[in-house]
Amino acid sequence: MPDPDASPAGKIYESQFAEPAERLEAYADLSAIVKQLRRDCPWDREQTHESVKHLLIEEAYEVVAAIDHGDWDELAEELGDVLLHVLFHAVIAEEGGRFTLADVIEAETDKLVRRHPHVFGDAATGDADAVAASWEEIKQREKNGEAEEASVLDGVPAQLPALLRAQRVQEKAAGVGFEFPDRDEAWDKVQEELGEFREAVADDRSPERRQDEFGDLLFALVNYARYTDVTPENALRETTDRFTRRFQDVESRLSGQGTSIDEADLAELRRLWRDAKTREE
1 MPDPDASPAG KIYESQFAEP AERLEAYADL SAIVKQLRRD CPWDREQTHE
51 SVKHLLIEEA YEVVAAIDHG DWDELAEELG DVLLHVLFHA VIAEEGGRFT
101 LADVIEAETD KLVRRHPHVF GDAATGDADA VAASWEEIKQ REKNGEAEEA
151 SVLDGVPAQL PALLRAQRVQ EKAAGVGFEF PDRDEAWDKV QEELGEFREA
201 VADDRSPERR QDEFGDLLFA LVNYARYTDV TPENALRETT DRFTRRFQDV
251 ESRLSGQGTS IDEADLAELR RLWRDAKTRE E
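With the UniProt record's numbering, the residue at position 189 of the sequence shown is 189, and numbering never jumps.
None of these hints come from the bench; they were simulated from the model. Here a beta-carbon is modelled for each residue, glycine too, at the ideal position from N, C-alpha and C. Possibly wrong hints are sitting among the right ones.
For lysine to aspartate or glutamate, the following DMTMM-like pairs were computed, each having C-alpha atoms within a straight-line distance of at most 20 Å [to be verified]:
1) K111 / E14
2) K111 / D122
3) K277 / E251
4) K139 / D110
5) K53 / D68
6) K172 / D229
7) K139 / E95
8) K139 / E108
9) K35 / E25
10) K11 / D103
11) K172 / E192
12) K139 / E171
13) K111 / D154
14) K35 / E46
15) K172 / E233
16) K172 / E142
17) K111 / E137
18) K35 / D122
Restraint-style ranges between C-beta atoms, simulated for each label pair [to be verified]:
19) E208 / G258: 43 to 53 Å
20) G177 / A93: 32 to 42 Å
21) A107 / D203: 26 to 36 Å
22) I261 / A65: 19 to 29 Å
23) D127 / S15: 21 to 31 Å
24) R183 / W135: 14 to 24 Å
25) D204 / T109: 53 to 63 Å
I would like the entire structure built from these sequences, with the hints used as guidance.
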């Protein structure tokens with residue numbers, strides 16, 4: 001009797017994970033609509049990779065916002081917008097004879113299979129940390145095959161938000177063993193950098209020197225966060241969101257009293273802030 005979970009002929013994945021025909025048709029419809037927009041819509045027709053690249057970044061942030069809000073309808077919509085931009089760039093590239101969406105999908109499929117030998121090969125399955133380390137090792141081998149002097153840090157976009165970029169750089173360095181042996185030493189580095197920053201401020205060093213020392217402090221804090229399973233980018237975003245909510249609560253309370261925030265004294269602002277914090281908690 002045939003195994004219902006066996007891989008389809010010529011496929012590496014199990015049959016239960018194959019997309020049903022109606023979903024493939026939905027994708028085909030979206031792809032066709034994008035191509036028709038490129039032909040018939042004056043705005044879409046004029047766009048280039050460069051003219052819309054910033055919009056992809058914006059859409060990615062809107063995906064993150066939907067996840068933060070726990071709004072799954074919004075998340076589905078925002079993921080659709082990201083998919084639209086993927087298709088749009090692929091269609092532009094196809095028009096220029098560079099590559100097609102099929103090339104994009106095939107390259108990503110090959111990469112996923114290569115980097116998961118514990119799923120699609122004979123490698124032993126380790127824990128999540130071992131899988132992540134294996135991913136980086138395979139990725140580095142791939143890059144070494146492309147260039148004689150490939151860096152472990154290649155592939156971290158310079159355009160990433162600073163905290164996220166610092167985290168990714170540190171993770172890649174840690175993947176080849178370049179990190180503190182434990183979080184206590186990582187914390188010692190935070191204290192060292194804090195002392196150097198305070199000294200730079202106390203001695204009235206140049207703005208450039210103070211900025212350098214503050215950057216070192218932030219970098220050390222990001223590194224320590226890795227040892228505590230905290231994602232600095234998420235942590236700071238959530239803290240900023242909390243500050244914004246509480247500050248706006250203070251503004252609202254003062255407005256209800258017929259007072260603007262710049263008219264209130266500091267003692268009153270602090271009292272209202274504590275109230276806002278208590279209500280939120």
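Hints, verified against the model:
1. Distance restraint check for K111 and E14: the Cα-Cα separation of roughly 18 Å lies within the 20 Å cut-off, and the hinted pair is therefore satisfied.
2. Proximity of K111 to D122 is assessed by CA-CA distance (about 16 Å); at most 20 Å being required, the pair is judged to hold.
3. For a cut-off of 20 Å, the pair hint linking K277 to E251 stands: about 14 Å separates their Cα positions.
4. Only pairs whose Cα atoms come within 20 Å are accepted, and K139 paired with D110 is accepted, the gap being roughly 12 Å.
5. Taken as a hint, the K53 and D68 pair is broken in the structure, with Cα atoms around 24 Å apart against an allowance of 20 Å.
6. Between K172 and D229 the CA atoms are separated by roughly 16 Å; this keeps the pair inside 20 Å, and the hint holds.
7. Distance check on the hinted pair: K139 and E95 sit about 30 Å apart at the alpha-carbon level, beyond 20 Å; violated.
8. A distance of roughly 13 Å separates the Cα atoms of K139 and E108; the hinted pair therefore holds under the 20 Å criterion.
9. In summary, the hint linking K35 to E25 is supported, as the alpha carbons are separated by about 15 Å, within the 20 Å threshold.
10. For the hint pairing K11 with D103, the CA-to-CA distance comes to about 17 Å; that is within 20 Å, so the pair holds.
11. Straight-line distance between C-alpha atoms of K172 and E192 comes to about 23 Å, which puts the hinted pair past the 20 Å bound.
12. In summary, the hint linking K139 to E171 is supported, as the alpha carbons are separated by about 13 Å, within the 20 Å threshold.
13. Only pairs whose Cα atoms come within 20 Å are accepted, and K111 paired with D154 is accepted, the gap being roughly 16 Å.
14. Taken as a hint, the K35 and E46 pair is honoured in the structure, with Cα atoms around 13 Å apart against an allowance of 20 Å.
15. Restraint check: the Cα-Cα separation between K172 and E233 comes to about 17 Å, which is no more than 20 Å; the hinted pair holds.
16. With a CA separation close to 15 Å, the supplied pair K172 and E142 stays within the 20 Å bound.
17. Restraint check for K111 and E137: the C-alpha separation of about 13 Å stays at or below 20 Å, so the hint holds.
18. Annotation: proposed proximity of K35 to D122 is violated, straight-line Cα distance about 41 Å (limit 20 Å).
19. Under the hint 43 to 53 Å, the C-beta atoms of E208 and G258, about 46 Å apart, fit the expected range.
20. Our hint of 32 to 42 Å for G177 and A93 holds, since their Cβ atoms are close to 38 Å apart.
21. For A107 paired with D203, a C-beta distance near 53 Å fails the hint of 26 to 36 Å.
22. At about 26 Å, the CB distance of I261 to A65 agrees with the hint of 19 to 29 Å.
23. The supplied range of 21 to 31 Å is met by D127 and S15, whose beta-carbon atoms lie about 28 Å from each other.
24. Here the CB-CB span from R183 to W135 is close to 23 Å, well matched to the stated 14 to 24 Å.
25. Remark: the range hint 53 to 63 Å for D204 to T109 is upheld by a beta-carbon distance near 58 Å.
The structure does not agree with the numbered hints 5, 7, 11, 18, 21 stated previously, though it agrees with the rest.
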